[in-house]
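**Student:** Residue numbers (the numbering used here), protein chains in the order written: chain A, 1 to 418; chain B, 1 to 485; chain C, 1 to 284.
Just so you know, the hints here were simulated from the structure itself, not pulled from any lab data.
C-beta: ideal position from N, C-alpha, C; glycine also.
Check the hints yourself; a few may be wrong.
[Said to hold, decoys possible] The calculated DSS-like cross-link candidates involving lysine-lysine, where the alpha carbons are at most 27 Å apart (straight line), are:
#, chain 1, residue 1, chain 2, residue 2
1, C, LYS271, B, LYS265
2, C, LYS109, B, LYS165
3, B, LYS25, C, LYS271
4, C, LYS109, B, LYS402
5, B, LYS270, B, LYS381
[As the list claims (entries may be wrong)] Now the stretches of chain A that chain C is said to cover, found in silico as 3 or more residues with beta-carbon under 8 Å:
#, segment
6, 76–88
7, 94–102
8, 246–257
9, 294–308
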Amino acid sequence: MKLRKAMAVVLSAAMAVSSAMVVSADEGPVTLTLWGAEEDQTLLGELVDEFKAAYPDQEFDISIGVESESTAKDTILTDPEAAADVFAFASDQIFDLVNAGALLNLEDFGEVLQMAGKTLDDVKAANVAGSVEAATVDGSLYAFPRAADNGYFLYYDSSVLSEDDIASWDSLLAAADAAGKKVGMTFASGWYNASFFYGAGFTTGLNEDGTTAIDWNGTSADGYTGVDVVKGMIGIASSPAFMAIADGDITNQIAGGQLCAVVSGTWDAIAAQEAFGDGYAATKLPTFTVGDTQVQQGSVAGYKFVGVNGFSENSGWAVLLAEFITNEASQQKFFDQRESGPSNNNVLASDAVSANLAMAALGKQAEFGVAQNVGGKFWDPSATFGEMIAQGNLSVDDDAAIQEALDTLVEGVTAPVE
Amino acid sequence: MASQKKGGAMSAVGGFFGAIGGFFKDFGVAFAKGDIFVKLSVLWMGAGYARRKQYIKALIMTALEAAIIAFTLTFAMQYVPKFGTLGTVVMERVFNMKTMKSEFNDYDNSFSILLFSLFSFVVWAGAFVIWMRNVVNVYRLQQKAEAGEHINTFREDMHSYIEEKFHITLLTLPVIGITVFTFIPILLLIFVAFTNYDQQHMPPSALFTWAGFSNFLSLFGGGLTTTFSYAFVRILGWTLVWAFFATFTTYIGGILLSVLLNSAKTRVPKLWRTLFIITIAVPQFVSLLLVRNFFSNGGIVNTICANIGLTGFLRDIGLVSTSYIPFLSAPGWAHVMIILINIWIGVPYQMLIATGVLMNLPSDQVESARVDGAKPFQIFKSITMPYMLFVTGPALVTDFVKNINNFNVIYLLTEGVYTTTNQAMANSQAKEVDLLVTWLFRLTQDYYNYKMASAIGIIVFIICAVFTLFAFNRMIGNGREEDYQ
Amino acid sequence: MKKMKSNRTSSILLHNALIAVLAFIWLIPIIWLVCTSFSAYSGMNTSTFFPKEWSLIHYQKLFQPDTVQQFPRWFMNTFIIACFTTVISTAFVLMVAYATSVMRFPMRKPLMNMGVILNLFPGMLSMIAVYFVLKTFNLTNSYAGLIMVYSGSAGLGYLIAKGFFDTIPRALCEAARIDGCSEARIFSQIIIPMSRPIIVYTVISSFLGPWMDFVFAKMILNAGISENYTVAIGLYKMLDKSLINSYFTIFCCGGVLVSIPISVLFFIMQKFYVEGVTGGAVKG
């Protein structure tokens, strides 16, 4: 802290002396650290080299570290001051990261982005609207969207299931049962089971005090009741052809060979390809029964972001690096080398992306995708709720018990943050 | 542990306060009766030694004093004055376009303030003791000098550190290590339980402050979150049940296995023993994660059970409601499985211990019993077991405490696999299979709820302490120590 | 007479068969680990016990580091950390045990009580404080920091060693003192040479720590430089959702390779280990 103070004094003195706008290159190299997933390390190395080449006037000392997008938050929040300047993370972590001051508000860095020949609006316009929305907290952009593949859809074996079978859960399960196969989905996770509620027009949201708003125990904007949605879910879970899979066990189960269809995301594309062979196919999620109508199942539109640490010293260059890693050319490289689904509109529109079965299915589902704005208290109660349905603890005939369970869920999710 | 046993808790506490009283008395006497140099030592720690021509020692004490003053001025004073508020200056950041850098204000970090204040307190407490001892020592020197006794040279002083003061040489480093890596962190944990350190008040970007007993109130149902006390009682219950079974199943299992292996009937006992030991050699996180996948809902065991029709049978008699056997994913099943898996892990280790202890089993007793026509089981019951219990009783108590805090087994077996179906539990981020220690780990790792985690930590400590004291006292009460000596 | 003999034979057979069955049950997961590590498939196989295709390919991969796994480096790192930890921990344990067992001084009992009390706290919780202590001394992301964490509090584990020292006849030390031996000499030239079992026990226990711990290591080596990982964090990270399908078999290979040296160590030192732990426990 002393050091910072001293530095601030020195810096302001230096500022007063120099009136030039140009960044002086003789201050020595700019030190930055960058965290990305294990599998992306090689590509990140290439991108960093390109970044250096793009700003030849400045000397850089950039080191790359390993931190998986799914666990970035845990490591960063332990000690934000020690975390990397630029890091990749999954979109559901953004609220906790912003809350802990671990992300820079990019709205303050419009001037910096001009060095890359862009404005913040250019960045927002270049990426799909959902990704920008998910990266925005309280009206400010906090991260650069890098990938739009953190969502789920339906993989299926077209040698077992026909186009008609996959239209609704009812026909899907019936066909699977007839073929002696199973349809898998994770119920015990609020990330997956919210899809039913979102599809029926229910919402979740984040209040200013960090608590979660949730309306699942009432009636949705589309006029469906939460109880009816739950009954639809129970109908699916009670089918003998349904297999409830624990979160994280999906890949194993796909490889296990019992499944003919499964709800998962692009990370399982290879496993599904191997398991289904020539029958490998993917599409949007089916419809499910609410009351006596068929409702399209929604989904959580998840993204991968690259953000800049709020405690980064060289924040200007860090913002430029984060922007560089997520620009159109870099996203193209991520797609080419890592099969990572881009969030950039132009890359998304390219033929190669639409030819990729999983990406195409993700694109089809995106229409029904919702950015999931929830606080930390959402996860445990919603996982438990899904598990209750999966284990058959709720009876489809007992409206009162379902309503009570929904009320308890809402009570837990909306509890004040401690 | 033996002296621990004999000392007894109360007398230990009493003795401790007695020692402190004596310590202050010595200081008072020394200061009152000492000459001017002894009195000067209060200000300048080297004074008394300099007077007795122990110049090197005077120099060392002076340097030590200077170091403590320097520590106080440059380090402690940054934090200790803010201890009462735990900081008031919130972080602010301004971006400077010219340098492309963020500039920060000199913000406070409540956590650092708390930690380094405690660190300073501990250093000062140590310095205070040394300072008082110093005056006493100098006074003793004065007495020696006045009585015309020999005053040690520096070399002689040094020599005493491998003689009668050898314990100081031995203990200094380990005690410093324990202080820094165990004592201060635990002290911090105790203090955090009285703050509002949680996700809404998380340094470095936010500050936390003192909150009195409110965390304990909400733990026992007096606060806002009613489910917390609900979850707490249930988890505490399972923690105790688990600790009991985990301790005794492995303990008895280990003895049985070692009796089995050490029997005269056993061929190649060394080979068998090695086979069992291999399970210890595989790192726990590898073996437990394997076993967890082994028994997962879609795992091999389930596949086999389904194939041989066991799953169907269990469903018919109503033991399972799902298409798989929820070995590790339903309450009841998971509780039993966890204890069984723990037997798998713990028995080989206990077997090694039991093997060693039974080597010393008084063989004359066993012989005479055998001559009297006792059955092997009777011998086991009335000779082997009592002997084992006597010898390893204290270790059993330690094991029980270790199991209360057994993080690895529960965490690795249930994290990400077990989802509770009890909504009241879920609403306080707990599961039926959680121990208090895994619950508080998750509260800190996933919910950054350090204040509640610390409060729970203190409760765990109190439970362990009460149990340990109770158990040790009971064991002394038996008064059967002579039987085996 | 003949009948009795056959009775005895069958009872021996039965006895050994029972042990064999138990040993088999105990080894099933280990067998699965070893078998899976020889699988040609890189993900987890949940349908059959034995792999469908056998292969050495994943062992080869284990020795060809990529961006995710650098097993040879991790192994070396852990080995170095474990060696230093062992030396420091063993020294601390023996020092504390000797001081509390053989020597008598006023603070002895209060210190021992303090030790008992400190052992009762759940250590997991103090993790974050330990991290910030290390950060203050700029020791995070360094082996020195990890070594200090593993061995710093080793002195608290002195009880078993103390129990062992308690069994050494006091007369021996007294005689040496009368002969004019200093305490330091009694410690280093009489007690230590007699304490081979307990030293072996302490060495094994403290050597194992760094191979098993993934919680502290993950927290302290938080710069994300995978070359610097220990085996435990490296292997643990392979089970990440995005990696498990391509690295599960390599994870098993790593598990097997880590277990081999530890098993050998146990096998060789078994006798001393048993003597050490019981020497200590007997006295309690």
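**Student:** Looking at the structure, which of the earlier hints fail to hold?
**Tutor:** Numbers 3, 7, 9 - these are the hints that the structure violates, sorted from lowest upward.
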